[in-house]
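Chemist: Sequence:
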Amino acid sequence: MVTSSSTLSPRWRYHYAASGLVLCLILVSWGGVVTSIEAGLAVPDWPTSFGSYDPLATGYSDPEDPDARWWQVGPILAEHGHRLLGALVGLWVVGLALWTLIADSRRWVRIVAVSAVGLVVIQGILGGFRVIWTSMDLAVVHAMGAQLFFCTAAALTLFNSRTWLEHSIESSSKIRRLRALTIATAAAVYIQILLGALLRHPGDGVDLIFVTIHASGSVVALSLVIVTCGNIREYFNDKPILNRGAWWMLISLGVQMVLGMVTLTVLLFDSGQGTRSLVQVILSSSHLVVGTILMGSCACVMLGTLRVQGEH
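Note that my numbering numbers the sequence shown so that position 232 is 232, with each residue one more than the last.
These are calculated hints, taken from the structure and not from any lab test.
Pair ranges (Cβ atoms, derived):
(1) Arg177 x Leu56: 50 to 60 Å
(2) Leu23 x Pro66: 32 to 42 Å
(3) Pro55 x Ser216: 38 to 48 Å
(4) Ala215 x Ile122: 27 to 37 Å
(5) Thr275 x Leu41: 13 to 23 Å
(6) Glu170 x Pro55: 46 to 56 Å
(7) Ser271 x Ser9: 47 to 57 Å
Remember, it's a predicted structure, so these values are computed and weren't measured experimentally. All C-beta atoms in this analysis are idealised placements derived from N, C-alpha and C, irrespective of residue type, glycine included.
Assemble the whole structure, with the sequences as input and the hints as a guide.
Modeler: Shown next as structure tokens:
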């Protein structure tokens, strides 16, 4: 068991990490809105914004309205706001990494924290190149990189929690089987999110092939999540490090399935009408956010299976 002697002020670092995790979720949802309203190229340059390195004023100007500001134009507000929020998340993760390097003696946690900084830098570069190269493929890679970064942020939050520091699991064949199951579940959910990203970033309308594959993939992900949570309830119901994450998985799964069906219905209806309604934007972004929570929960439960006595 890891005690407070191995890590300085873990409670405050946990609160800092958790607040940043919420910020990451807001960033993901904001990115979902950018995609939904097709505002990814509203700011046509990078790393500048309309030729300016000033992140607040930008170089935006409207010849027809000299007094207009970038935040008064919806698509520009979405895209440039996403960049600003991404920079804020970057500052947060740098702060968390520095705090971890200074105060946490666990070498592997330090490695994860530094890796998180690397991930957020890569994410920023991918987002910038997506604009420069006007690449939909990079948009998908950027979206999936966001999932990896969120899982890393969730892991850092977990590693500083009392649940992780005060609880562990006895080594057994059951925990090893559960570990394999959680890896398969996390992989299935990640692939399902990838299929959703391909559906959301088609470039020229709704691809019914991806709609069908994404809908079919949800059955696989649903089954694996239910089996995983059932296994935890049966054999590890008294282990908070697994049980709490399992509840997050089940709740987010239920919400996600409902959102998925409603979102798909609205998406197909709007596609037939040749429109993109506000309802579709809200539903699609919400579907992405809940999927991200599910992904993070799966990752945390998977990591929980590694918290075995005698293996650390």
